[in-house]
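Asks: Protein sequences, first through last, are from chains A and B.
If you're matching positions, the first sequence starts at 3 in this note's numbering and goes up one per residue.
If you're matching positions, the second sequence starts at 3 in this note's numbering and goes up one per residue.
Quick caveat, the hints were computed from the structure, so don't treat them as lab data.
The beta-carbon is built from N, C-alpha and C at its ideal position, and this holds for glycine as well.
Be aware that a few hints might be false.
To be verified - Computed from the model, here is a short list of chain A residues facing chain B with C-beta under 7 Å:
| id | residue |
| --- | --- |
| 1 | Phe4 |
| 2 | Phe46 |
| 3 | Asn48 |
| 4 | Thr119 |
| 5 | Ser123 |
| 6 | Lys223 |
To be verified - Which residues of chain B face chain A? A partial, calculated answer using Cβ under 10 Å:
| id | residue |
| --- | --- |
| 7 | Asn6 |
| 8 | Cys19 |
| 9 | Gln177 |
| 10 | Arg229 |
| 11 | Arg300 |
| 12 | Met302 |
| 13 | Met303 |
| 14 | Glu320 |
| 15 | Gln322 |
2 protein chains.
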Amino acid sequence: MFRNFKTVERIVFGRGCFNQLDEILAQQRTGKTSPVVFLVDDAFENKPLKDRVPVHAQDLLIWVNVDDEPKTRYVDQLTAQVSDAMRSAGLENPCGVIGIGGGSTMDLAKAVSLMLTNPGSSADYQGWDLIKNPAVYHAAVPTLSGTGAEVSRTTVLTGPEKKLGINSDYTVFDQVVLDPELIAGAPADQRFFTGMDCYIHCVESLTGTYLNAFSQSYGEKALSLCRNVFLDNHPDSDDQLMMASFFGGMSIAYSQVGVCHALSYGLSFVLGLHHGIGNSIAFDYLEEFYPEGVMEFRKMMQKQGIDLPRGVVSDATEAQIDKMVDVALILEPLWENALGKDWSKIMTRERIRNLYQRM
Amino acid sequence: MFRNFKTVERIVFGRGCFNQLDEILAQQRTGKTSPVVFLVDDAFENKPLKDRVPVHAQDLLIWVNVDDEPKTRYVDQLTAQVSDAMRSAGLENPCGVIGIGGGSTMDLAKAVSLMLTNPGSSADYQGWDLIKNPAVYHAAVPTLSGTGAEVSRTTVLTGPEKKLGINSDYTVFDQVVLDPELIAGAPADQRFFTGMDCYIHCVESLTGTYLNAFSQSYGEKALSLCRNVFLDNHPDSDDQLMMASFFGGMSIAYSQVGVCHALSYGLSFVLGLHHGIGNSIAFDYLEEFYPEGVMEFRKMMQKQGIDLPRGVVSDATEAQIDKMVDVALILEPLWENALGKDWSKIMTRERIRNLYQRM
C-alpha cells in the first residue's frame, strides 16, 4: 500500500506574489460577512509587512508569538479566541485562516483551522489520522524557508505528554503563497538553522529505508538547492531556498526523517529548543549515521559563519535526559526509516542517552 | 501577476500501486449507482492489464484508439457515447472518468470529463480558460511517460481549424496513479519519443525567457532524470522516467515550451504525426536555438539505437507547408518564451518555412 498523497491544491510562486493574496482570498469571501483570520508572527508587528496584510473590516488579525514552539494549550487558546470573535459577530466560522510566518506560525494556522471544526483539545489529535472533520480553508505565506511546513500533512505541537504532530490529510494547506522576497530579511542564524531543517531531513530521507523514486527526486533536488544557497551563496538564494524547502517537504511523501529529527524532538520537548536549532545541534553528533551529510553540514556552517551552541544538555538532570529519551523513542517510524525494522536492537535507551549527553 | 497554479490533488506513486485504483475510486462511488467510465488505450485490449482494470457491473469500459492524436470530433463522439449510456441508466453523469494509457488517452479522459459538464463541441473550448463548469472527477493512469499530461492544465486536441489545447484549471486531473510497472512494456521507439517530449520541453523551458526558480527546479531535475534513463540506462529507469515526466509537467507551471513544440504542432496538424515523434523530428533541426540540447538529444538517440524518420516534409505541397506555418504561428506564448517579446521580427514565415522544408 502506497500513500495516496494529498497535495496543496493551489501554489503561487514569484517575487512579489504576496500582493496577490487579497485577490486569492476574495474567492473565499463568498458570504456577505466572511471574515478571514490572519495569524501573523509578531516579529512583523513593527515591520513594513504589517501594512501589506490584506485585512478587511470584518477580519481578525492576531499577532502570534512563537518564541516557544507551538503548544497544544496555545492552539486551544487561539481557537477559542477566534470562535468567540465569530460568535460575537453571529457567525460560526471564518472563511479562512492564513498563517504568515515561519514553520511555527504556519503550524499554528494549520492547527487552528483544524480545531475550529473538530471538538475538544488539539492534544487529543496528536498522532496519525485522528482528525474527523475537514478544516476551515487555510493558507500559508512562509517568511522563513526550510521546515517544509508549507506542504506537509502535519502540524507539530508540544502537548502535555509529548511533542507530536497532528498528521492528517486535512492538515494540508489549501493554498500556499511562495514569495521569495519575504524571506530576505530574516536574521542570518534563524535563516541558517531553518534551512538546515530542510538539508537534514533530506539527508535522513535519502539515506533511509523507506525511499522511492518520488521522494528521491524531490530530496536530491532539495539537497542540491541547499548547496547552491549555503555553499555557493547563489545570487538567487532566496528563490532557491524557498524551492528547497518546498521540495524537501514534498520528499517526505514517501520517506521519513530519521535519527536527527527523533533526537531533536527530545531536545525541544525538554529544553524548549526550537526545531531548527535542535536539529543542527543533534546533527553535529551523528557522524556515525550520516558521515557525508554531517561533513557537508559543517562546511555550510563554516561558509555561513554560524556558531553552534554547545553543551546545551550539560545542565540537564537525569530525569530530564530520561524524558528526552522517552520523547525520542515514541517516534518509531523515524527510527525504522533510519535503521530498519530491527531498529530497537540497534538504538537502545543507553545509546540515545549517550548521544544526548555529548550535546 | 503570477499564475496561481492548480495542482493534481491526489498522487499515488509506487510499483504496483495500480492495484489501489479500485479502493481509490470507491470514495467516488457514493451513490447507489455511481458508474465509472474507463477510457483505456486499445493497445491493451489483449494484454494482461485488461483484467486488472477494476470494472464494476454498472461501469463503462471504452477502448479508445489513439493511432491518430485526439481530435475534437472523437472527443464529442465519446462524450455522446457516455451521455447516452448514462441516460439509458437513468443517470446524469458518471462519478468519474479514468484515462489509462499515454498522453493521448489521458487527454481524451480530460476532454470527455470536461465536455460532460460543458455544452457544445470540444472545439469551442480550444484556447485558454474558456471552460465554464467544473469537470466530472477524472483520474489518470499513465502507461507511457514523458508528455506530462498527468499534471498539465491542458488537453491537446486537433480541431477542424487548429491543434490547440483546452487550457483550464478544470482540466487538471483530480487524481493520478503513477505505477512505474505499467510503463515497462512499451515499444522502445514509442518509449523513447514520448520520453523526448519531456526532455525537449525541459530544454525549451530552461532556455526560455519565462523561467523562474519554481519551474527551473522542476525542469533541471527532470533533465537529470532523463539523462539517467536515456544516457546511463539506470536500473530504475521506469521509476525515473515516470518522475521525469511528472517533474517536466510541473516545470511548465511558470514557463513555456518553445520553438520545437510550435513546429511540432504544425507537423502533427498537417501530416498527422504523433506529438512525441514530431518533436524529435523538429528538434534535430534546431541546433541554432538549442545547441547543447540538440547535441545531447543525438547522444541519447545513438545510445538507445533509435532511427529518426527523415524527409517527412519532402512530399508536402506548398499549401500544406503554408498550413504548418499557420498552425505554428498561432502559438504566440511559445515563440515569446523562446525568443522574447520581439519574436515576430526574428521568426518570420519564411524562416519557419525553411525549417519545415529541411525536415
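Asks: Are the hints correct? Go through all of them and say.
Replies: Structure-based check of each hint:
| no. | hint | result |
| --- | --- | --- |
| 1 | Phe4 | holds (4 Å) |
| 2 | Phe46 | violated (22 Å) |
| 3 | Asn48 | violated (28 Å) |
| 4 | Thr119 | violated (19 Å) |
| 5 | Ser123 | violated (29 Å) |
| 6 | Lys223 | holds (4 Å) |
| 7 | Asn6 | holds (4 Å) |
| 8 | Cys19 | holds (5 Å) |
| 9 | Gln177 | holds (8 Å) |
| 10 | Arg229 | violated (13 Å) |
| 11 | Arg300 | violated (25 Å) |
| 12 | Met302 | violated (19 Å) |
| 13 | Met303 | violated (24 Å) |
| 14 | Glu320 | violated (44 Å) |
| 15 | Gln322 | violated (41 Å) |
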